[in-house]
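Colleague: Note that the protein sequences, when read in sequence, are chains A and B. Going by my numbering, the residue at position 33 of the first sequence is 33; the numbering climbs one at a time, nothing skipped. Remember, my numbering sits 1000 above the position in the second sequence when you count from 1.
Source of the hints: derived by calculation from the structure; they are not laboratory data. Hints may be right or wrong, so weigh each one.
[As the list claims (entries may be wrong)] Not the full set, but computed from the structure, chain B residues with beta-carbon under 7 Å of chain A:
no. : residue
1   : Asn1006
2   : Ala1028
3   : Gly1029
4   : Val1032
5   : Val1036
6   : Ile1059
7   : His1061
Where is the CB? At the ideal position from N, CA and C, for every residue including glycine.
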Amino acid sequence: MNTAAQSINQSADVFTVAGHGFHARLLIGTGKYKDLDETRRAVEASGAEIVTVAVRRTNIGQNKNEPNLLEVLPPSKYTILPNTAGCYTAEDAVRTCRLARELLDGRTLVKLEVLGDQKTLYPNVTETLQAAATLVKDGFEVMVYTTDDPLIAKRLEELGCAAVMPLGAPLGSGLGIRNPYNILTIVENARVPILVDAGVGTASDATIAMELGCDGVLMNSAIAHAKNPVLMASAMKKAIESGREAFLAGRMPKKRFASASSPIEGLFF
Amino acid sequence: MQIQLNGTPTDIPAALSARELLDRLELAGRRVALEVNGEIVPRSTHPGYRFHPDDKVEIVHAIGGG
C-alpha cells in the first residue's frame, strides 16, 4: 500500500458526528445474533466503532447472572448508539431516548426511528420530525432514520439532527439500495453526515452506498442473518472501505462504446 | 403497598427506597435505568427515592438491536 492510500485509510479520512470523530464508516446493530459471543465476534470483525442497542424492560427475577450486552460491548470501548426501535409515536421515542441517556450516564447520542406500521417498518415521517425537534431541544445528538426523500432529509438537518440516515430499502429486507438517485441527491444537499440505514443485503450494496458519497452505512440483518455472520462482518468492513476509496478516487466516466487500453501504435500485423 | 413493576403488580414495603428495590432484584450495580410514571429517576437520587401506591415503575436495560 502506498503512503497516500495509507493516509486515507488510517488517519486523514475521519467522519464527524456531533463533534465526535470516527474512522470506521461501518456502524452495526447488535440484534438477531445467536448469542452474545457471536455478537462480540461480529462486532470485532466489522471494525465498527459505533454499535446500536435497543432499550427494553429487564427480566425481573430471571437470568440474574446472564451477561449484559454492555458488559460484552463496554461503552468505554465502543460508542453505544441506543435506538428507538419499536416506537410508533414521537412520545414513545422521546421517552426511550431519555431512558437511554440515563442508562448511558448522560450520553446524548441516539438513533431516532419512529415507525409507521409493522409490515413495512417504514419511517413515520411526521412523528419522526416531531420527535427530532423535541430531542434536539432537549440536548440530544440525533442520528435520524428516515425515508429516502431529499426534502425530508434536508428538513431533519435544518431541525438540528447530527446525522440523517435514509433507508436503502425496508428494514431487514436485504433488497439493497433501491433508489440510488435519491440517496445521491440527499448526499449532495447535506451539510451533516448521511448514512444509509436499512436495506443492505450483501457487500456490494454497502459499496454502492459508499460510492454514492455516503459518510457511512448502518446495518444489522445483512451481517446477523448471513450464514456466517462473522465472515460477513469482515466482508462488509472491506466493502465499506472499498466504496469509500472508490468515491474519493473518483470513478471514470461511463461511455457507450469501447475504448482500448492497449495502444494502436506499434502493432506488428 | 402495590406498584406496577415492569407491567406486573408487585407488593413492596412502603418505606422501600429505589436503591433497595434494585438491591432486592439483584440489579444494584448493573447498568439499568429507572422510570416512574413516565419520569426518569436519576441514579444519584435512588437512595432517597420512595414509591407511591400504584406507581408505574419501569426498569430497563440495553439489549441487542439494530
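Colleague: Hint by hint, note whether the structure agrees.
Modeller: Status of each hint after checking the structure:
1. About 5 Å separates the beta-carbon of Asn1006 (chain B) from the nearest beta-carbon of chain A, less than 7 Å, and the hint is met.
2. Evaluation of the Ala1028 (chain B) hint against chain A yields a violated restraint, the C-beta minimum of about 12 Å exceeding 7 Å.
3. Interface restraint check: Gly1029 (chain B) against chain A, minimum CB-CB distance 11 Å, threshold 7 Å, status violated.
4. A hinted interface residue such as Val1032 (chain B) counts as satisfied when its beta carbon comes closer than 7 Å to some beta carbon of chain A; here the least separation is about 6 Å, so the hint holds.
5. For Val1036 (chain B), the interface hint is violated, the least distance from its beta-carbon to any beta-carbon of chain A being 12 Å, above 7 Å.
6. Taking 7 Å as the C-beta cut-off, the interface hint given for Ile1059 (chain B) holds, the closest approach to chain A being about 5 Å.
7. For His1061 (chain B), the interface hint holds, since its Cβ comes within 7 Å of a Cβ in chain A; the closest pair sits about 5 Å apart.
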